[in-house]
Amino acid sequence: MKKTQILIVDFGCQYTLVIRRTLSELGYQSYVISPEKVSEYLEEHSPKAVILSGSNASVYDENAPTIPRDLLEGNYFVLGICYGMQLISYLLDTLSVIRGDEKQKGYGGVQVKQYTRSVLFEGLTHEFRVWASHGDVVARVPAGFTITALSEQGTSQVIEGMQSETNKIFGVQFHPEVIQTEDNNHILKNFVELAGCHIDWKPDQTIEFIQSEALEAIGEGKALLGVSGGVDSMTLARILSPKLKNRLFACIIDHGGMRKHEVADVCEVAKIAGIDLRVIDASDYFLETIGDAVDPEEKRKRFQKAYAKTFEKIIVEEKITHMIQGTLATDLIESAHAGKSSHIKTHHNVGLAFSIPEIMPFRNLFKYEVRAIAHTLGLDKAIAERKPFPGPGEYLRILGIPVTKKLLEVVSWADDAITEILKTENCYDDISQLVIALNGVETVGIKGSARSLSYAIVVRPVKSSDYMTTKAFYIPESVMELVTNEVTKHELINRVWWDYTPKPPATTEFQ
Numbered sequence: 162m163k164k165t166q167i168l169i170v171d172f173g174c175q176y177t178l179v180i181r182r183t184l185s186e187l188g189y190q191s192y193v194i195s196p197e198k199v200s201e202y203l204e205e206h207s208p209k210a211v212i213l214s215g216s217n218a219s220v221y222d223e224n225a226p227t228i229p230r231d232l233l234e235g236n237y238f239v240l241g242i243c244y245g246m247q248l249i250s251y252l253l254d255t256l257s258v259i260r261g262d263e264k265q266k267g268y269g270g271v272q273v274k275q276y277t278r279s280v281l282f283e284g285l286t287h288e289f290r291v292w293a294s295h296g297d298v299v300a301r302v303p304a305g306f307t308i309t310a311l312s313e314q315g316t317s318q319v320i321e322g323m324q325s326e327t328n329k330i331f332g333v334q335f336h337p338e339v340i341q342t343e344d345n346n347h348i349l350k351n352f353v354e355l356a357g358c359h360i361d362w363k364p365d366q367t368i369e370f371i372q373s374e375a376l377e378a379i380g381e382g383k384a385l386l387g388v389s390g391g392v393d394s395m396t397l398a399r400i401l402s403p404k405l406k407n408r409l410f411a412c413i414i415d416h417g418g419m420r421k422h423e424v425a426d427v428c429e430v431a432k433i434a435g436i437d438l439r440v441i442d443a444s445d446y447f448l449e450t451i452g453d454a455v456d457p458e459e460k461r462k463r464f465q466k467a468y469a470k471t472f473e474k475i476i477v478e479e480k481i482t483h484m485i486q487g488t489l490a491t492d493l494i495e496s497a498h499a500g501k502s503s504h505i506k507t508h509h510n511v512g513l514a515f516s517i518p519e520i521m522p523f524r525n526l527f528k529y530e531v532r533a534i535a536h537t538l539g540l541d542k543a544i545a546e547r548k549p550f551p552g553p554g555e556y557l558r559i560l561g562i563p564v565t566k567k568l569l570e571v572v573s574w575a576d577d578a579i580t581e582i583l584k585t586e587n588c589y590d591d592i593s594q595l596v597i598a599l600n601g602v603e604t605v606g607i608k609g610s611a612r613s614l615s616y617a618i619v620v621r622p623v624k625s626s627d628y629m630t631t632k633a634f635y636i637p638e639s640v641m642e643l644v645t646n647e648v649t650k651h652e653l654i655n656r657v658w659w660d661y662t663p664k665p666p667a668t669t670e671f672q
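Using the numbering used here, the first residue of the sequence shown is number 162, and each one after it goes up by one.
In short, the hints are calculated from the structure, not lab data. Glycine residues also receive a C-beta, built at the ideal position from the N, C-alpha and C atoms. Be aware that a few hints might be false.
Said to hold, decoys possible - Cβ-Cβ distance ranges computed for the label pairs, FRET-style:
hint, residue 1, residue 2, range
1, Arg439, Asp591, 27 to 37 angstroms
2, Tyr221, Lys404, 25 to 35 angstroms
3, Asp577, Pro229, 53 to 63 angstroms
Construct the entire structure; sequences and hints are all you get.
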């Protein structure tokens, strides 16, 4: 293993790999580890900096995740984030952490004020906006620590930052790793610089590492790579094709839930990228397997089943020895396959029990990092800037009623029509992800002076860099009117709804 400067201890937070993403954005590699393995890891490695993540647990819970207390004895620079700060305080003073009252709990944006000058906040204004997600608070800092930041929640004050008198151990109650914290990444940058870390991450180095790791794992075997057409799988195919050549079987599965012209478009951009791509038509099989499922998790699980069985058939027919997936850190986090994060939703390409070894070269990367690699490879903008689309496609964009071929056609038509309008009106490029769904609740409308009992199309445009958090992209009123007029022309649609909810509390996709 390459010598790691920064160790991230994952206590089960949705944002743990966002810490890693932010560090790589700053130019630093890091290593994520579970708390149970910290002692063993430190026996053989000497990181310069240790970051303790947030968690969905409370430090005073029975069997709460923890760290060796000697980690706080001054041998390492330590930064505790949210639960991490509470854990530092609790290990040094068991009475210091309490469950916050309704005013002290923090969920969302919080205004923070610096209380005493801290090297951790160098470059920040006296007051700045942060993102909080906690129910517990540090009621008092341990001996040998000072308060560095506070927030006012009604008539209560919440300790938002603390540091040791040695300037080696720090804690913040909020999440500096997410984009909603308006610190321009100064906090994490200041911390790793204090620890003496040097910049050691570049996209071309990651490409070389992925190639060597895959070649070592596959040996003389033959690998199967499922290509969806998105930037992740296309970039991975471009990285591996020159090395594996005819030992890479790259294919796209037409499962019937693709967007209009999707398969043909993907084949065209694959050709431009020099990727030999095969098309596997399994649309009837997927539609039959998903059947009458309405619950989103049930739909995802049935899609996952069809996905796995389709690939297993190819594995046998083509004598495949290894399965390669373009799975991202985001997928692993939301499906609870990264550390101890909570399960949010099943991802079709995560947790599959293939009969052959599975390789996930992008398992530690986020979307923006893959895009950076795509640009480094010189891939066409049609690939590098392609907007995300869920693996199960429009099966997940029919809400509340069973999926049918007719409804898939309606969603596909609406998606194409709305996309064209947004492109014409110069809105599309500014949107990170555009979710077009059909709401299965029939509502009463008026068409041709007659009663209409039809469905609604829901439009959800979001902005994001890592897809762990999103904010709304607001469509101009004149463009909204164009979209509504066009979409309601369809015989099965009489309304258009607009969803501007951020993530959290929503997820990017409805299902």
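Now the hints, each set against the structure:
Separated by about 35 angstroms at the C-beta atoms, Arg439 and Asp591 satisfy the suggested range of 27 to 37 angstroms. The beta-carbon spacing between Tyr221 and Lys404, approximately 51 angstroms, falls outside the hinted interval of 25 to 35 angstroms. Under the hint 53 to 63 angstroms, the C-beta atoms of Asp577 and Pro229, about 56 angstroms apart, fit the expected range.
Going through the hint list in order, the structure does not satisfy hint 2, though it satisfies all others.
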